[in-house]
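The primary structure of each chain is shown beneath.
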Amino acid sequence: MKDLLKFLKNYKKELVFGPFFKLLEAIFELMVPMVMAKIIDKGIANGDTGYILRMSGLIVVLGVCGLGFALTCQFLAARCAYGFGTELREALYRHINSLSYESIDRIGTSSLVNRLTNDTNTVQNGVNMFIRLAVRAPFLIIGAAVMAVTIDWKLSGVMFIAAPLISAVIFFIMRRTVPMYKRTQQLLDRASTLTRENLEGTRVIRAFSRQQEEIDEFGQAVDDIAESSSAVGRISAILNPVAFMVMDLGIVAILWFGGARIDSGSLTQGQLTAFTNYMTQILLALVVLANLIVIFTKALASANRVSEIFALPSEENGSLVPESSTREIEFRGVSFAYEGAGDTSVKELSFSVKKGEMLGFIGGTGSGKSTAASLIPCFYKATQGQVLVRDTDVLDWNKEELRRIVGSVPQKAVLFTGTVRDNIRWQKADASDEEIISALKTAQAWEFVSAFPEGLDRHIAQGGRNLSGGQRQRLAIARALVGKPEILILDDSTSALDYATDLALRKALKTDLPDTTVVMISQRTTSLKDADLIVVLEDGETAGKGTHQELLESCQVYREIYQSQMNEREGSENA
Amino acid sequence: MLKTLKRVFSYARPYIAYFVLTLVFAGAGISLSLAVPVFIGQAVDCCVSPGNVDFHRLGRIVLTLGTMVLASTLFQWLMSLSTNRLAFMTVRDLRADVFAKLERVPLRYIDSHTKGELTSRVINDIEIVSDGLLQGFTQFFSGIITIIGTLIFMMTINVKIALAVVILTPLSFVVASRITKASHDSYMKQSKLRGDMVSFAEEMAGNQKLVKAFVYGDRAMEGFSKINADYGKIGAKATFFSSMTNPSTRFVNGLIYAVVGLMGALGAVGRSSFIGVMSVGKLSSFLAYSNQYTKPFNEISGVFAELQNAVASAGRVFDVLDEEEIPDDSDKEKLTDANGQLSFKNVKFSYSPKFPLIENFSLDVAPGQRIAIVGPTGCGKSTMINLLLRFYDIQSGQIIVSGKPHTDYTRDSLRSSFGMVLQETWIFTGTVAENIAYGVPEASREQVIAAAKAVHAHGFIKRLPKGYDTQISEDCGLSQGQKQLICIARIMLMDPPMLILDEATSSIDLRTEHRIQRAFTKLMEGKTSFIIAHRLSTIKNSDVILVMNKGSIIEQGSHRQLMEKGGFYAQLYNSQFAS
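For the record, the sequence lines run as chains R and U.
Quick note on numbering: the first sequence equals residues 8 to 582 in the working numbering.
Quick note on numbering: the second sequence equals residues 1215 to 1793 in the working numbering.
Because the hints were derived from the structure by calculation, they are not lab data.
Warning: the hint list may mix true and false statements.
Computed from the model, here is a short list of chain U residues facing chain R with C-beta under 7 Å [stated by the list, open to error]:
id, residue
1, Phe1367
2, Ala1664
3, Pro1711
Heads up, simulated DSS-like pairs for lysine-lysine below, C-alpha to C-alpha not over 30 Å straight-line [unchecked claim]:
id, chain 1, residue 1, chain 2, residue 2
4, R, Lys354, R, Lys388
5, R, Lys13, U, Lys1395
6, R, Lys19, U, Lys1451
We put the beta carbon where it would ideally sit given N, CA and C, even for glycine.
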C-alpha cells in the first residue's frame, strides 16, 4: 500500500495546506465554548450587556472565518484526491498493458477491470476523507481534551476514562464486522454471476423451460444476501448508540463531580457549561472518527488489491528485431505447461518452416494445437526448449515488433465498439482505406461490408453483436491481414465459414500474401492439404509430421481423420 | 421523481410493521436523548456558587439522566435494527422481481441489451437504491423527529428564543438546496463519465490478451487517458460542491449558537423584558440544543443529495420491470407426444422491417425425417431455431406442429418437444452431473453416466479432479469441444421427439465427431431432426436438404437429386474437395 503514496507526490501542497486549514477551522471552533463561558461568567454575572453583544459578535466572526477555512480545505482535498486518483488509474492501466499473459491469467480479466475501476475509486475516496476529516477529528478530540484539562485537570479525569472505553468498543465492533462485510460482498458477487449466466444462456433455459428453477435459485441467493447484511447491521448498529451512551454517562459523571468542584470553589458555572460543551464536541468527533475507520479499512483493502497488480512483473522484453532468414519459424524440443496445470500441453515439439510456407496443426480437441501456436508470438514462454523466429529465440525479440509482424486470428472472433475501419486498424493504426479494402477482399469480407450503406463506417456494437458469426470471423481475419503480416496464425478461424468461403479464402491468401508464412490450425484435412508441413498432435505429443501425402502413408492418426472425411464422400457417391 | 419514490415504497409496504417500529423506537430514543439537555441545565442550576450546591437534588437529576441515557441507547439500537430489516427485505424482494422479470421478457429485449447493462441493474442499481433511498429515508424521518423534538424542548425553555431559532432554520435548508442544485449537474456528468470509463475498461482490459496481440496498448492508453483526465476534473468539481454542505450548515449552526447565546444572556441579565427571565442553567440547556440542532439538517441535506442518484437508479430498475412480458399461456393446450410432424406454410419473418429475412417459406416434414439446412453464413439458419422454438414470433404464415398451429400450444410444452444444441455452448456454474441433468433434474447418476458415455464424454469427465462432481463453469478451462460434448450429453439424457442441431459438432475434431455421429444416429432414429451445419459430411444421410441463401430457400431435395441438378448445392459440395 505504501507504493501508492508516490502518486501523492504532486499534491504535497494540498496535502499540507488542506489539513492545515481544517486545523484552523477546528481551533476557531474550540474557542467558541470559551467565549461563551466568558459571556456567562463575566457578561451575565456583571450584567454587562455591551460585553455580551461584543462577545456574541466575536462568535459570529469566528464562525465566518471557520467557514472560509473549511471551504478552502474541501477545495484542496477534492483537487488532491482526484488528482491522485487520476494519476493512480493512469499508472495502473499502463502497468496492466505491460503484463504478460501469465499474469493476466493469474488475476483474471474481470478482476483487472474491477481493480482498475472500483478499487481505485475507493482509495481515492479514502484520500479525500483523510484530508478532510482525519486531521480535524483527532485534533478536535485532542484540542477539546486539552481545553478541558486547562479548565480543571482534576475533572478531566472523567474524560480520560471515557475515551479509551469508546475506543475499545469501536475496535471490537470493527473486528467483528469486517469479515462479515467480506462475506456479504461475496454473496453479491454470486448473485451477479447468476444474473450474467442467466442472460447468456436464456435460450437454453427457455428451451428447457427451467425459468422457475432459476428464479428459485436466485431467490435463495438474495435471501442469503439479506441475512448476511442483517447480521452485519446488527453489530455495526451498536457502534453509534454505545459511543453516545458512554459519552453521555461521562457528562453525567462530570455534572456530579463538577457540582462538588463548584461547591469547593474550584470551578465556576460558566466553566462547567464549557466543560459539557467540550465533552459533546469530543463525542461527535469520536463518532466521525469511527465512521472514518470504516472508510479507511475499505480504502486499505482496495489499496492492497491495487498494489498487488503493481507488484506483478511486467512482461520481459528483449531488444532484437532480426531481419528475415530462411528458417522463419522453428521449434526445438519445445514443451509447455500452463501455470498450475497438472499436465503439459505441448511435449517436445520440434519442426521448422521456411518463409512463405504453410504450416498446419491438426489434432483432436485439447491436443495442444492452439497452445503451440501461441508460443510463436511469445504470448507464453516455453517451459522447455526454444521457439525461434528468424533464427532468433523469441525471448530475445522485442515483443512489440514480434507481434507487429504476426497477425493472429484467435478461435473466438472478438470485435470492438467502433466502425469497421476502426476495428481493422487495430493491427495497423495508419492503414489506408485501400489497404483495408484489400484485406477485406482477401478475407472474403468485402462482399458484405460493401453492401452496408455506410461501408467502412458501419458501426459495430460491443462484441460485434450486430453481425452474424461468419461475418465476425471474416472481419477478424481481415484485421489480421491488413498491412500484410509476415506470419499469419489462423486458429480454427474458419469454423463458422462454409466450404466455399473457406476455399476462396485459402486461394486468396496464396495469391495476395505469397510471402506470408501461414500457420493454420484446423480440424479439416482439406484445409491443410496444401500445407508444406503438417504437424499432427495428440495429447500434446507429435503423432506425425510431414506433407499430406507423407502422413497418409506413415501416420495412422492422420489417416483415420482423413478417411472419415473421404468415406463420407465415397459413401454419398454410392448412395 | 415522486412517482418513482412511491413505487419503491410500495415494495416496502409488506414490511410496514418495521417502519412503524422504526418510528416508535426513533420517537422514544430521540425524545429521551433530547430531554438530556434539559436535565443538564437543571443540574447546572443546582451548582450556583461555592458552598451553594444542592447535592440532594443534583443526585436525583444525575440518576435520572443515567437511566435516560441507557434507555435511549437501547431504543436507538433497536431503531437501527428495524431500519436495516426494512431496507434489506425490500431490496431482496425488488431484486428477486427484476430477475424473475428477465426470465419472462421476450428474447428480443435481452438480445437488444448488453449483459453487463442488465446485470448492473439487478445488482448495482439496487444497491444504490438500498443505500440512498431506504436508509436515507429512515435517516430523513429520524432527522425530522429530532428537529421537531428539539424545537418543542426549546419552546418549553423559552418561547421567544425558540422562535428566533425557527426563523433562522430555513437558512440551513436554503443553503443546502442551493448547493445540491449546483452539484447535481456535475454529479450527472461524473456518473456518465464513470460509465464510459467502466465500459472502456471492460472492453479493453476485459480483452487484454487481444490488446497485447495487436500491440494496441499505446492506443488504448491514449483513449483511457482522455476519459480518465475528464473524469478527474469533473469528479473534483462534484466532490467539492457536495462537500460544501457540512461546513455551510455548521456555519449556520454557529450563527444560531451566537444568537441563542446573545438572547439567552440578555435574558439572564434581566435586561430584556421581551426575552423574559433566563437562568444560566436554562441557557446552557439551550446551547446544548442548538449544538445538536443542525446535525439532523446536515443528515437530511445529505439525504437529498443521495436521493437524486438513488431515484435515477430506481428509475432504471423500474424500466426493466415495466417491460412487456410474454403473455401467460398456461390455458393453452399442452403438446405431449409430438409425432414429429411439422409444416411451414408461407412463413414470413425478419428481425427488423428494414432487413427482410425469411419470405414466403413453405415446407412439409414427415415424422422421423432428417432435414439439413445449409447455405452461406448469415442466410437465416439460426433464425429457423428462433422460430421453431418460438423465441421470436413469425410475422405471417403458420408453423404447424402435430397438426395444429404452434401458437395453439403452451410455449413450455412446445419447447420441451425439441432437443436443442446451439452453436455456442452454455455451461452454468455447477457440477458436471448437474449440467448434464439440466433438462431431466430427477435423472439418476447411472442415467447421467450412460448419456455421457454415449457421447464419448465419459473419458475426459472421469479424468477431471472430482469426476462428475467437479465444479465447472463457462470459463473453467474445459476446451470448447469438451463443453459441447457435455451439452450434447444433456440432450442424450432428455431424449426428446424432435431435434435441432446447430453447428453442434463443428468444434470437435472429425474423429470424435464420427463416433458421436453414430450415437446421434441412434438418437435420431424415428425422430424428426433439423441439422444446421457447414460440414457437408454431416448432411450426407439427410432426407431433405434445404439450401438457403439470403433468407429464402433456393433449392430443396435429397443429396442425389441436388447433385444431379448441378445448381448452387452442387457447387458448394464440390468446393469442399476442390483444391
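Going down the list of hints, with the structure as the test:
1. Hint status for U/Phe1367 relative to chain R: violated, with the closest Cβ pair at about 16 Å, above 7 Å.
2. Proximity of U/Ala1664 to chain R is violated relative to the hint, the smallest CB-CB distance being about 19 Å (cut-off 7 Å).
3. The interface hint given for U/Pro1711 is violated, since its Cβ lies 14 Å from the closest Cβ of chain R, which is over the 7 Å cut-off.
4. Note on R/Lys354 and R/Lys388: the hinted pairing holds, with a Cα-Cα distance of about 14 Å set against a maximum of 30 Å.
5. The straight-line distance between the Cα atoms of R/Lys13 and U/Lys1395 is roughly 36 Å, outside the 30 Å bound, and the hint therefore fails.
6. The straight-line distance between the Cα atoms of R/Lys19 and U/Lys1451 is roughly 20 Å, inside the 30 Å bound, and the hint therefore holds.
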